[in-house]
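Asks: Using my numbering, the first residue of the sequence shown is number 1, and each one after it goes up by one.
Treat the hints as calculated values from the structure; they're not laboratory data.
Among these hints, one or two may not hold up.
[Said to hold, decoys possible] Here are the computed lysine-lysine pairs in the BS3-like style, where the Cα-Cα straight-line distance is at most 27 Å:
| hint | residue 1 | residue 2 |
| --- | --- | --- |
| 1 | Lys127 | Lys144 |
| 2 | Lys10 | Lys144 |
| 3 | Lys10 | Lys102 |
Source: prediction; values computed, not measured.
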Amino acid sequence: TGFNLMGLHKNGIGSSLCMFTVISVEMWVAESRPLLRKALAGAVALTGGALILSLSRGSWLGAVAGVGVILLMRGMRRQLWRLGLLMVPAIAAAWLALPQEKREYALGFERTRFNIEARYRSFEFAKEQWLSSPFWGVGVGLRKQYDATNVMMLTLAETGVPGLAAFVAVHAAFFAAVLRVRRYVPPDDRTYTLLVLGMALLAAKLMHGMVDHYWSRGPIVMAWAAVGMSLGVYYSIRQRRGETALRRAA
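All chains, please: the whole structure from these sequences, using the hints.
Replies: Here it is, written out as structure tokens:
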């Protein structure tokens, strides 16, 4: 509990476990071979339970967002109970294994707690910096000067209104592209998993970045690498459909 492995902080390990949990869930949903499906069910239970033990609440939120995207894109409402059968027992067992003081820590959001108060102070600091230059911001690099635990406020403080607009537009354009092209990919096609994971991992990282560090090594690479794979599918399908349209026109 509260991992400290090879000098890694619990939030770093929790963020990685968030990514692993989301990936495991999507692979389990997409897999049809019984043996591999059972192995992936074990991976879902293992990573989900370990995620609870990490005590990284931002990673919990990220995992909820990522798995939620998978459920929405897969339209698997009828299979939701199966996912619950996998994750709920593992999560419950991990929660019961936590010492009482760790459970109280996980459920405590009072400002009297040091880590919660630190986030309020970080938000106020970023707000003050932004108000000193409301349109353009104070410049990139501010995140190295304080505990930047809200990516939206950090972006606004560093690059002002244009920077935040660009940040939001990049995410919105990607989500729109995936939603536009997914209707041309059968859900049982392997490439559909790439589209789902791009959406799910980016949503998970974005949600985590609202309450913790967004720009961090490791998990962010997984999220944006998944975005790259999704865009690979997107441009491949666009090219295919363009060639089909040309042949029809000819």
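Asks: Each hint should be assessed against the structure and marked as holding or not.
Replies: Against the structure, the hints:
Proposed proximity of Lys127 and Lys144 is supported: the alpha carbons are some 16 Å apart, at most 27 Å. This hinted pair checks out: Lys10 and Lys144 have alpha carbons roughly 20 Å apart, not beyond 27 Å. Distance check on the hinted pair: Lys10 and Lys102 sit about 13 Å apart at the alpha-carbon level, within 27 Å; holds.
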